[in-house]
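S.K.: Now for the letters of each chain:
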Amino acid sequence: GAVVSQHPSWVICKSGTSVKIECRSLDFQATTMFWYRQFPKQSLMLMATSNEGSKATYEQGVEKDKFLINHASLTLSTLTVTSAHPEDSSFYICSAPSLYEQYFGPGTRLTVT
Amino acid sequence: GDSVTQMEGPVTLSEEAFLTINCTYTATGYPSLFWYVQYPGEGLQLLLKATKADDKGSNKGFEATYRKETTSFHLEKGSVQVSDSAVYFCALISGSRLTFGEGTQLTVNP
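Quick mapping for you: the protein sequence lines, in order, are chains G and Z. Our numbering numbers the first residue of the first sequence as 49 and each following residue consecutively. Our numbering numbers the first residue of the second sequence as 8 and each following residue consecutively.
I should point out that these hints are in silico values taken from the structure, not numbers from a laboratory. If you're wondering where the values come from, they're calculated on a predicted model, not measured in any experiment. Note that the Cβ used here is the ideal one computed from N, Cα and C, for glycine as well. It is possible that some hints are incorrect.
Stated by the list, open to error - Taking CB as the label site, the calculated pair distances span:
#  : chain 1 : residue 1 : chain 2 : residue 2 : range
1  : Z       : S10       : G       : K112      : 24 to 32 Å
2  : G       : Q108      : Z       : P117      : 41 to 49 Å
3  : Z       : S21       : G       : K68       : 43 to 51 Å
4  : Z       : N66       : G       : I60       : 29 to 37 Å
5  : G       : P88       : Z       : S10       : 17 to 25 Å
6  : Z       : G8        : G       : K112      : 15 to 23 Å
7  : G       : A120      : Z       : E15       : 38 to 46 Å
8  : Z       : R104      : G       : H133      : 27 to 35 Å
9  : Z       : T27       : G       : E135      : 31 to 39 Å
10 : Z       : P117      : G       : A120      : 45 to 53 Å
11 : Z       : G48       : G       : T161      : 15 to 23 Å
Excised from the complex, chain G in its bound form (with noise of 0.2 Å):
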């Protein structure tokens, strides 16, 4: 099936500074990539919908400076949490649609200290 990476898996920033997360689908285009936020035992929430060369829609309630997206290519979208404090802690996922089906990327553990 196909298959949706995120780099990095785990990242460490402090509190202020950016942080970048990569998402790719390696074996197909997507026009539409989804940004989720999980926290610990919760479900996936929602952020935002890349799309490839347009502006991201975001959900309500997400700050759409704080979480920057960047749909640059068919097969990569990024997401930059920027000015980073420790409630933006969490597990960041994506996923991207092929034919019928959702791909999700291993997810990107956020530590802010």
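For this one, chain G is given, so just place chain Z on it according to the hints.
M.R.: Frame of chain G; chain Z shown alone:
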């Protein structure tokens, strides 16, 4: 809007016990339904799916039947193993947007 409701967890079973995790949904139209599994520290993996009413999805001994009349998609397995310990998510798709249930933590003890 669309929503998915799962039975509350956590669920703890002994090896070889029977498993049922209930899932009901609310949606317009006829969505496709999924069960995803998340092992500790990993992303989500598709476990099984059903795309229309009365379809049965199955994989690795797990089964779920798409019941339109009861808007349900309950997950079952006849004999669980320790390796089945994970979080299970029921989900539906409308367009290309997934809606997840809350997740059910399953722990299987030897």
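S.K.: For each hint, tell me whether it holds in the structure or not.
M.R.: Hint check:
For S10 of chain Z and K112 of chain G, the Cβ-Cβ distance of about 25 Å falls inside the hinted range of 24 to 32 Å, so the restraint holds. Distance hint check for Q108 of chain G and P117 of chain Z: the Cβ-Cβ separation is about 45 Å, which falls inside the suggested range of 41 to 49 Å. The hint said 43 to 51 Å for the Cβ distance between S21 of chain Z and K68 of chain G, and at roughly 45 Å that hint holds. In this structure the hint that N66 of chain Z and I60 of chain G lie 29 to 37 Å apart at CB holds, the actual value being about 36 Å.
Taking 17 to 25 Å as the suggested C-beta distance range, the pair P88 of chain G and S10 of chain Z conforms, at roughly 22 Å. Remark: the range hint 15 to 23 Å for G8 of chain Z to K112 of chain G is upheld by a beta-carbon distance near 21 Å. Separation of A120 of chain G from E15 of chain Z is about 42 Å and conforms to the stated range, judged on CB atoms against 38 to 46 Å. In this structure the supplied range 27 to 35 Å holds for R104 of chain Z paired with H133 of chain G, their Cβ-Cβ distance being about 28 Å.
Distance hint for T27 of chain Z and E135 of chain G: a CB-CB separation of about 37 Å, consistent with the stated range 31 to 39 Å. Look at P117 of chain Z against A120 of chain G: about 48 Å separates their beta carbons, and that is inside 45 to 53 Å. G48 of chain Z and T161 of chain G have their C-beta atoms about 20 Å apart, which keeps the hinted 15 to 23 Å range intact.
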